[in-house]
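Top line first, the protein sequences correspond to chains A and B. Letter by letter, the first sequence follows residues 1 to 227 of UniProt numbering. Letter by letter, the second sequence follows residues 1 to 227 of UniProt numbering.
Hints may be right or wrong, so weigh each one.
What the hints assert, rightly or not - With the C-beta cut set under 8 Å, the calculated list includes, among others, these residues of chain B facing chain A:
# : residue
1 : I84
2 : P146
3 : V196
By construction, these hints were calculated from the structure, which means they are not laboratory data. Quick reminder that beta carbons are idealized off the backbone N, C-alpha and C, glycines included.
Protein chains: 2
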Amino acid sequence: MSSTEPVPLSPTPRSTLTRSKERGRVERAELDAVLDTGLICHLGVVLGDSPVVIPTVYGRDGNTLYLHGSTGAGNLRAAVDAEISVAVTHVDGLVYARSAMHFSMNYRSAVVRGRAALITDEDERMHALRVIVEHSAPGAWDRVRPPNRKEMAATMVLAVDLTEASVKVRAGGPVDDPADVAAGVAWSGVLPLRQVFNAPIPSPDLGPDIETPADVTARVSGGVVTG
Amino acid sequence: MSSTEPVPLSPTPRSTLTRSKERGRVERAELDAVLDTGLICHLGVVLGDSPVVIPTVYGRDGNTLYLHGSTGAGNLRAAVDAEISVAVTHVDGLVYARSAMHFSMNYRSAVVRGRAALITDEDERMHALRVIVEHSAPGAWDRVRPPNRKEMAATMVLAVDLTEASVKVRAGGPVDDPADVAAGVAWSGVLPLRQVFNAPIPSPDLGPDIETPADVTARVSGGVVTG
Numbered sequence: 001m002s003s004t005e006p007v008p009l010s011p012t013p014r015s016t017l018t019r020s021k022e023r024g025r026v027e028r029a030e031l032d033a034v035l036d037t038g039l040i041c042h043l044g045v046v047l048g049d050s051p052v053v054i055p056t057v058y059g060r061d062g063n064t065l066y067l068h069g070s071t072g073a074g075n076l077r078a079a080v081d082a083e084i085s086v087a088v089t090h091v092d093g094l095v096y097a098r099s100a101m102h103f104s105m106n107y108r109s110a111v112v113r114g115r116a117a118l119i120t121d122e123d124e125r126m127h128a129l130r131v132i133v134e135h136s137a138p139g140a141w142d143r144v145r146p147p148n149r150k151e152m153a154a155t156m157v158l159a160v161d162l163t164e165a166s167v168k169v170r171a172g173g174p175v176d177d178p179a180d181v182a183a184g185v186a187w188s189g190v191l192p193l194r195q196v197f198n199a200p201i202p203s204p205d206l207g208p209d210i211e212t213p214a215d216v217t218a219r220v221s222g223g224v225v226t227g
Numbered sequence: 001m002s003s004t005e006p007v008p009l010s011p012t013p014r015s016t017l018t019r020s021k022e023r024g025r026v027e028r029a030e031l032d033a034v035l036d037t038g039l040i041c042h043l044g045v046v047l048g049d050s051p052v053v054i055p056t057v058y059g060r061d062g063n064t065l066y067l068h069g070s071t072g073a074g075n076l077r078a079a080v081d082a083e084i085s086v087a088v089t090h091v092d093g094l095v096y097a098r099s100a101m102h103f104s105m106n107y108r109s110a111v112v113r114g115r116a117a118l119i120t121d122e123d124e125r126m127h128a129l130r131v132i133v134e135h136s137a138p139g140a141w142d143r144v145r146p147p148n149r150k151e152m153a154a155t156m157v158l159a160v161d162l163t164e165a166s167v168k169v170r171a172g173g174p175v176d177d178p179a180d181v182a183a184g185v186a187w188s189g190v191l192p193l194r195q196v197f198n199a200p201i202p203s204p205d206l207g208p209d210i211e212t213p214a215d216v217t218a219r220v221s222g223g224v225v226t227g
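Input sequences plus hints: build the corresponding full structure.
As structure tokens, this is what we get:
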């Protein structure tokens, strides 16, 4: 599960794009880039006979995507040893076209499919939790209290191999019909979007000697989350 | 399908929260608020025996959520007359806690479940496309070329009733263990996030007499998309 050897992206027919192929990406590094800059994923599981899509946090280590949650979470229990899908999407801009059907969005997306395995080894479970926390809060793990035995017992950790995934990227302006361009029917262009951090809000019960750590302030001054 | 009579949220057991109930929302207006401020949804369908999650645009009219896509899109064809799930999630902040397992995110999410119906009536299909375009580009439909017969023939429109949904909202600071607060182990607080628009980028082939429309410039000066 924790091999870090790169693997080819999309070796299976069901994860190979058949439409809008020009948006498809085939390099494994592009999958990692989409996953590593996302904050949440959308996990799809089959519950009963029906799909359900749940937003959740995640982390990546090499070819493994880690998910976690409460042992009491029915949606997550349904994922154990089952086929699942995980999507991570960044919206980079709204594409205004000259005709309704050419409106679009600029985005980067990854859709992973695979079987979710329940991790039972305590060392790998702890490692996975570190990977997940460090994914959304890089630099935080080493300064906080690690999970205790009770918290570990209440937590389920799942792993999915990143061997089957589709990555799509759309960038640039609208693709208008030449007749609409010639007719000059409407404005067209892109309205770019990005996520930014605001100033951190310290907890009111913080001691006066605890300053905002550098890994937090660096994110704010860096400004952009994605885009 | 296009009834605008409000319905209660989550009337079914499977869409009623059993965990973290304090995050659950029961008013229908809160579902609409999450859906109406989102730009994309994640659609979950079962393809073969496996779930797949796809990012896509959408629109809402009353109790109906509309989706669309190419008639050639296998993922969307799999949704016709089938159980699906649609999730819309806003991430509002990263919650830094004093202990690893209390890290969290502030978010607003809606998870819809239901059966997707293929819309065949041409008037409703056109109406749905207007709803979808106006969802991400309000004010744009009336100034652009509407779909022509060929485009309509290549487009599939699906509708899902908004009668079964879970809405969750987390806001505020970390919920730390009292012992960790007393020990003063680490900084804790919230790093708020928001999406903002950048200046619009007009298409290079725009005629000189076509100015950026007010509905586009208003979004930029408004600044915030969500949050």
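Could you check if P146/B really has its C-beta closer than 8 Å to a C-beta on chain A? Nearest chain A Cβ about 6 Å off; hint holds.
Classify the hint on I84/B as holds or violated, based on whether any CB of chain A lies nearer than 8 Å to its CB. holds (6 Å)
So, as I understand it, the hint says V196/B touches chain A; can you test that by seeing if any CB pair is closer than 8 Å? Result: holds, 6 Å to nearest chain A Cβ.
Consistency with the previously given hints is maintained throughout, with no hint failing.
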